[in-house]
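2 protein chains.
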Amino acid sequence: MIPDLPPGAVAVVFHSVRHPAAEGYAEMAEAMDVLAAQQPGFLGIRSVRDEQTGQGISVSYWLDDDSARSWKAVAEHLEAQRRGREEWYAEYDVIVAEVIRAYSRP
Amino acid sequence: MIPDLPPGAVAVVFHSVRHPAAEGYAEMAEAMDVLAAQQPGFLGIRSVRDEQTGQGISVSYWLDDDSARSWKAVAEHLEAQRRGREEWYAEYDVIVAEVIRAYSRP
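Protein chains in written order, with this note's numbering: chain A, 1 to 106; chain B, 1 to 106.
Don't read these hints as lab results, they were simulated from the structure.
Mixed in with the good hints there might be a few duds.
To be verified - Below, a list of computed lysine to any residue pairs in the SDA-like style, where the Cα atoms sit at most 25 Å apart:
1) Lys72(B) <-> Lys72(A)
2) Lys72(B) <-> Arg69(A)
3) Lys72(B) <-> Ala102(A)
4) Lys72(B) <-> Arg46(A)
5) Lys72(A) <-> Arg105(A)
In isolation and in its complexed conformation, chain A is listed as follows:
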């Protein structure tokens, strides 16, 4: 289930198309998940990738926009972003949005 999302919570939607041979990607992705969870304001993350098409969507949730921006600027994450641009992703985009409402089942 999704975490409880307080008012002002921010969702960062990361959509990417990964190259078929993306050496070092899996290790980095796992390391970044661990590191993200240690950041102030981290509320949760969901990632899904279709290995057939290379398409992935990852949505991370943050207490506020400052938390989301701070994570983007963490040194190890900057290095991951650089490798993503240069080595792993054919394309990507990022959308940052403020949560209005949420519901779930069950």
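Chain A is fixed; fit chain B onto it per the hints.
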């Protein structure tokens, strides 16, 4: 790439875990993608599912929250939602959020 997202645009993040045997799901998912694209205020949709785990994330973009709400209430979509709850999804959640900023590459 993502569509141009005007100020006030709304992202609807749908995360689901689908049952392995989900009869009729693929046809309905395709029909709903076509129908969504015909709705007023529709800006785009992205969907990724990992067939190994059943996990999926779908993000649709709307001109405003009224457009997103209207789509939720379209009759054929209500029927798809009902079958999703009763037949296809082990769990799901929906988060509606207002776009703050977006960037992409290339």
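Against the structure, the hints:
no., hint, verdict
1, Lys72(B) <-> Lys72(A), "violated, 33 Å"
2, Lys72(B) <-> Arg69(A), "violated, 31 Å"
3, Lys72(B) <-> Ala102(A), "holds, 14 Å"
4, Lys72(B) <-> Arg46(A), "holds, 23 Å"
5, Lys72(A) <-> Arg105(A), "violated, 31 Å"
In terms of the numbered hints stated before, the structure departs from hints 1, 2, 5, listed from lowest to highest.
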